[in-house]
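J.: Sequence:
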Amino acid sequence: MASSNSVVEDAKYFEPSSFTSDSAPLVVPNSTVVHKDSMTGKVRFVERTHLNLEDLEYNRDRPDPGRIIIFNQEYFDTNSQRMGSRRDVNEIIMCFQRLGFNIDEKDVQSDLTVKGITDKIDSVLNDKKSLNETNSLIIFVMTHGGTNEKLHAKDEVFKCSDIWKKFNKCEELKGKPKMIVFQACKGQNYSKTEGSDTITDVVDFDAFKINQLGPDMLIFYSTLENNYSYRNEYSGTWFIQELCKNFLSYGKRDDVLSIVTRIIKCVCGNYYHHDKNESEDFQKQMPVFVSTLTKKFFLNRNKDRHLLLETNKHMADFSHQLEELLRTIKKNKLPQKKINEFFEHYF
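So that you can map any letter, position 27 of the sequence shown is 27 in UniProt numbering, and since no number is skipped, the others follow by simple counting.
Read the hints as simulated data drawn from the structure, not as lab findings. All C-beta atoms in this analysis are idealised placements derived from N, C-alpha and C, irrespective of residue type, glycine included. Each hint should be verified, as a subset may be incorrect.
To be verified - Ranges between beta-carbon positions, derived for each pair:
1. Ser130 x Glu310: 29 to 39 Å
2. Ser319 x Met83: 54 to 64 Å
3. Asp119 x Asn270: 30 to 40 Å
4. Asn332 x Glu133: 53 to 63 Å
5. Val290 x Gly269: 14 to 24 Å
6. Asp77 x Leu308: 47 to 57 Å
7. Lys159 x Asp77: 15 to 25 Å
8. Glu57 x Pro335: 43 to 53 Å
9. Leu325 x Val46: 42 to 52 Å
10. Gly116 x Val290: 24 to 34 Å
11. Ser123 x Lys159: 19 to 29 Å
12. Cys170 x Leu325: 48 to 58 Å
13. Lys166 x Gln97: 22 to 32 Å
14. Lys169 x Gln109: 14 to 24 Å
With the sequences and hints as input, model every part of the structure.
T.: Listed below in structure tokens is the structure:
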């Protein structure tokens, strides 16, 4: 477990400017449809339900794109301050608002006790109307952590599974995708480089208690079991910063698992820490995810995907009609001259 005075986690990290970056560019997508609530007067994003969905993606027939919950633990009773975590919170809010999500102030929580975290989750579960009207759930938990799923609240330790188990039997979220992101250390080791390769220890078989994981869930950890998760006190954590860059750039186009794969590539490929006083190794970080998603998880509907699906549908219809025509020609044994005249006329 990473101690509160951990040199590695609480050090200042700067990525060398000479290091080649393959990070996603910051691109602001087109805005989602907005709606002004007649009761509250608030302007909120709404799902564009007139746009098509793929057959293999989760349904998005509810008005709210998704519920975002953020738990940011910066100050602790017995642990060191997580400097830079506010930058992560700001980036998450900016990123998902630009993707068309409504983030309420009450859903951004800081420095809660274990009871406070439990009470907040229970209040979300009891808000059945809101959960029924949302298409997805995304939770961010950013704190100190350790081995065997340990996380630190302001006062005590709790487990990652304490978060997701609460949503296993939520009827309002049944059949809807749920993503839970954990930014926390999971030990005191680190991945390292040898030449151009990233070397990591073998992960224990029981590192992830997936038997407690419910359906339609994606659990995204910032690092492997037993390893550090790095943070810059000025620019935030490697993991959350890269997550926001990639979701902002590709969140309107790609499904979530494809973006998650990009994030893993960017974090382990674009960042390293090297302290000659500690070792000769270049220290790396490798995020990891566990998924029980049964369909493609997109963050929203998209005009480009809609047009592509429409084009594919028209092409399939045309192909079917052409096959019918060829069968008719073959059945009636039309002369080749007539066939040629037909194709010259229509094509």
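J.: All the hints need checking, so say for each whether the structure fits it.
T.: Status of the hints after comparison with the structure:
1. Ser130 x Glu310: 29 to 39 Å: Holds, at about 32 Å.
2. Ser319 x Met83: 54 to 64 Å: Between Ser319 and Met83, where Cβ atoms are some 59 Å apart, the hint holds.
3. Asp119 x Asn270: 30 to 40 Å: holds (38 Å)
4. Asn332 x Glu133: 53 to 63 Å: holds (56 Å)
5. Val290 x Gly269: 14 to 24 Å: Holds, at about 21 Å.
6. Asp77 x Leu308: 47 to 57 Å: Between Asp77 and Leu308, where Cβ atoms are some 53 Å apart, the hint holds.
7. Lys159 x Asp77: 15 to 25 Å: 18 Å Cβ-Cβ, so the 15 to 25 Å window holds.
8. Glu57 x Pro335: 43 to 53 Å: With Cβ atoms ~48 Å apart, the hint holds.
9. Leu325 x Val46: 42 to 52 Å: holds (43 Å)
10. Gly116 x Val290: 24 to 34 Å: holds (26 Å)
11. Ser123 x Lys159: 19 to 29 Å: holds (20 Å)
12. Cys170 x Leu325: 48 to 58 Å: holds (51 Å)
13. Lys166 x Gln97: 22 to 32 Å: holds (25 Å)
14. Lys169 x Gln109: 14 to 24 Å: holds (23 Å)
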